[in-house]
Amino acid sequence: MANLKNVTKKTKAQAMGMHTEVLTGRTQQKFFNPDEAENFYYFGTYDVDFNKRTDLDIKDMTAADANKEIDNLMSQGYGTIVIKNPQGKHSIGVGILNKLNLIFEGSLGYFGIGSCDGPTVRINGRVGWSCAENLMAGKVVIEKNAGSCFGAAIRGGDLICKGSVGARTGIDMKGGTIIIGGDAGAFTGFMMQRGRIIILGDVGINLGDSMYDGTIFVGGEIGSYGSDAVDAELTKSDQDWLKRKLKVAEIGENFNVSKMKKIVAGKKLWNYDNLEPTEKKGAI
Amino acid sequence: MCGIAGLIHRGKSSKVGHELQGMLQALKHRGEDSTGYALYGDTDGKNFIMRFKVGENVGEGSTSVSEDISVYDERKKMVDSYLAEMGAKIVKEERTLPYSLRYEIQYDKKDLLEFSQKIESIPGVEILSMGKSLEVIKDLGNAKMVCDRYNLDKLVGTHAIGHARMATESGVDIKSAHPFWGYPFSDVSVVHNGQLTNYWNNRRALENKGMRFMSECDSELIAVYLAEKMRDGASLEEGMKESLTGLDGVFTYFVATKDSLGMAKDTMAAKPLVLYESDDLVAMGSEEIAIRSILPQEIDTYDPFDGEVKVWQI
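Respectively, the protein sequence lines represent chains E and W.
The opening residue of the first sequence carries number 1 in the working numbering; numbering runs sequentially from there.
The opening residue of the second sequence carries number 1001 in the working numbering; numbering runs sequentially from there.
Certain hints may be false.
Claimed, not checked - For lysine-lysine, the following BS3-like pairs were computed, each having C-alpha atoms within a straight-line distance of at most 27 Å: (1) W:Lys1310 / E:Lys144; (2) E:Lys59 / W:Lys1015; (3) E:Lys84 / E:Lys59; (4) E:Lys84 / E:Lys162; (5) W:Lys1028 / W:Lys1144; (6) E:Lys68 / W:Lys1028; (7) W:Lys1144 / E:Lys162; (8) E:Lys59 / W:Lys1028; (9) W:Lys1144 / E:Lys59; (10) W:Lys1109 / W:Lys1046; (11) W:Lys1028 / E:Lys84.
Claimed, not checked - If we take Cβ atoms under 7 Å as the criterion, some of the chain W residues that face chain E in the derived model are: (12) Pro1184; (13) Glu1237; (14) Glu1288; (15) Glu1298; (16) Thr1301; (17) Tyr1302; (18) Asp1306.
Calculated directly from the structure, the hints in this document are not laboratory data.
For glycine and all other residues, C-beta sits at the position ideal for the given N, C-alpha and C.
Bound-form chain W, shown alone:
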């Protein structure tokens, strides 16, 4: 059934990694096959942060095929060489896990399509996120396990969205885990709770327009759908409103950009969402207990109505 959570601080920063961990952990009964975070941290905005994987987590419960760690090293070397070819300079490199890496890179071009295509032409390599603030971290296990594994507790930022997944439409692996990066747009991420029934029709049409899919998870369609709308000049909110009719099925999804956070709910309101809104904080989740994990005091919350789209700025 999956659970989603998100929050945005308006006018200040906070430990969003810690806060989102609490919210997602409260939702772990909705699925703990994998958990993902899209965190918008405080940065100087000069360098890109690229989170990418060179292999899968093949631990207990995974549906991925085991690979030798030397394969990961080979892929990493190829990524480094391609980055150098494209004039991207690695400023800082972190290898949190053998298959998961975080690079801070200097890269002057704005169009990330060519860049992403080049990197992802290496078999087994997937960019999880690319942006000047966004970092997507996703792995198998519940929110606390992933948070501890990647040391997310101390990350300070303005907003974040996350997802606790019960695998249904595709395998238990990182590539099918949420959030999805809004490839090839810098700092765009999406999480989704629900099921899209016109996935293949939309996917074929979008692939014919040159858009890229990395998994067979129906939720990835939302990120690609919105990315395509924005590529054609629509604003985030316009793209989200179009998605209410363009996407068929039941869904509640969140989308975040460098400075905003949005939610959309399908016209049948079949998927839950509880929302808390104040002048300096918006917090939302599949269940109220997610919000309660960061706001234990008595607060006013509500369910957004069917077909509702909302966007907040930091």
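Same shape as in the complex, but just chain E:
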């Protein structure tokens, strides 16, 4: 690797392998070359065996100790971990970057399942604010209710809440799918940039406020539309996709999707489609 202390600002990113050519603008940057995918890996990831199962009681553990123990179990190859007595603790199950079956027998506090890429998580309780923030891939299912900022800034994966959620669900989301079985609060889809949100119940005021792109489907009543959010035609392919998604999510399988409202961004940002093309590909 190049000595980064001696390179100029212009070429520092290239020396770190972030670019393969001299670039002149953000819209022309190439962030990731799929041909080199095998050279990319996460630190601290593990090959786990889903059939290797264990329980972990975290009643008397701090969040840091609980997360370290989950990491320790994954390093031993455990692919299915059942967490007992989470009791609303914050920041549990964060930073998991490999496949894993993670089951919580209870509720989580704030920032649960944050910054994950790959695990399948089932929470047999409720979650607090900012659950699954920055999720890259995987599936997170919450059996009860969720707090505000549910699925903030996710880039991929499926996030399912069978109950109701608080305000600002899907704020700043850049991909993936969020499915809500109950109602959602104010500012749902605030500044969302890509991805899809499905709400089977009612939704609060300012739905899709300042959204750039992405799609929101609502089964119930809408409190009010936010700036830039407009109705769009619900197509046959939308309905097929909704049916398929709800079936896979094991939620609202008999829901009449033909009556759902479809909300999209009303204005297109200049040069928006040229931004981060590889990321867009990944999100789709």
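Chain E is already provided as a structure; the job is to place chain W on it using the hints.
Frame of chain E, contents of chain W only:
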């Protein structure tokens, strides 16, 4: 960022001091500059309980100016003399700390405005609460420290609200700590998490209408705002609903009266609140771990939506 917690038992009494201590201690990471309790104890309802201070806690971390303890004694003497002048008889007197006192008093008049104005005309004296059930206890430090200092663990009652404070808008002192008494209404208290942006406009308007502010803490506005609405004939719930548009900013607040407990959340739902509701207990707090401190078993909780107001009776 501050943390708030509250609970109400319906149809029974419990050790609310102990329970609220557990809830607030679970929230201490949200702020431990000061902690306050508004406890609604079981009483015979005959006498008023007046909690008041004759000075500030000037311990470590305090922003208050140190005073000689003899000044506190002088102020206490003046309070005693004013009470006698107004025909209020002291039935029981407790001086928990040099600056903090609890009186049980016989006082027949219902209007507490004149009474409060007279007592608080003594410089350095502030009534923390006045009521036949309510007792507001607030001081510097976290929930356990304050609870131990004032021996609140054994207090039995029906409901309580409390606050763990991280000082932002005003100093680290008792006068800026929550809960705030809904002066001059008997048994009304308020705690708040958030920030009010039209504080000064509202304060000036309310002061012009004769309402009193003791601190520069924006949260005090909520207590005064609701007190003014009730003075003009609104019910507690009506006043709370009006506050959603009358108060600007981000807030979740609790208000309690002798027989009820209410919550309100601003229209942007910018401040957290988790709520547990059953037939015999309602418990709520800024974070679920507060509720878990008294209900460790698996329970169903939820976030109230934006612009929501709820009131429960004992």
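How the hints compare with the structure:
Between the alpha carbons of Lys1310 of chain W and Lys144 of chain E the distance comes to roughly 21 Å, so the proposed pair stays at or under 27 Å and holds. With a C-alpha separation of about 24 Å, the suggested pairing of Lys59 of chain E with Lys1015 of chain W holds against the 27 Å cut-off. Under the criterion of a C-alpha separation no larger than 27 Å, the hint pairing Lys84 of chain E with Lys59 of chain E is consistent with the structure, at around 7 Å. Straight-line distance between C-alpha atoms of Lys84 of chain E and Lys162 of chain E comes to about 21 Å, which keeps the hinted pair within the 27 Å bound.
Straight-line distance between C-alpha atoms of Lys1028 of chain W and Lys1144 of chain W comes to about 9 Å, which keeps the hinted pair within the 27 Å bound. At roughly 24 Å between alpha-carbon atoms, Lys68 of chain E and Lys1028 of chain W fall within 27 Å of each other, so this suggested pair holds. Proximity of Lys1144 of chain W to Lys162 of chain E is assessed by CA-CA distance (about 37 Å); at most 27 Å being required, the pair is judged violated. The hinted pair formed by Lys59 of chain E and Lys1028 of chain W meets the criterion: a straight-line CA distance of about 19 Å does not exceed 27 Å.
Simply put, Lys1144 of chain W and Lys59 of chain E have alpha-carbon atoms about 21 Å apart, close enough for the 27 Å limit, and the pair holds. Restraint check for Lys1109 of chain W and Lys1046 of chain W: the C-alpha separation of about 12 Å stays at or below 27 Å, so the hint holds. Between Lys1028 of chain W and Lys84 of chain E the alpha-carbon distance is near 25 Å, which keeps this suggested pair within the 27 Å criterion. Look at Pro1184 of chain W: its Cβ only gets to about 36 Å from chain E, farther than 7 Å, so that hint breaks.
For Glu1237 of chain W, the interface hint is violated, the least distance from its beta-carbon to any beta-carbon of chain E being 21 Å, above 7 Å. A hinted interface residue such as Glu1288 of chain W counts as satisfied when its beta carbon comes closer than 7 Å to some beta carbon of chain E; here the least separation is about 4 Å, so the hint holds. Annotation: Glu1298 of chain W was flagged as interfacial toward chain E, and the flag holds, the nearest CB pair being 6 Å apart, inside 7 Å. For Thr1301 of chain W, the shortest C-beta to C-beta distance to chain E is roughly 5 Å, which falls under 7 Å, so the interface hint holds.
Nearest Cβ of chain E to the Cβ of Tyr1302 of chain W: about 4 Å, under the 7 Å cut. The hint holds. A cut of 7 Å between beta carbons decides the hint on Asp1306 of chain W: the least distance to chain E is about 4 Å, and the hint holds.
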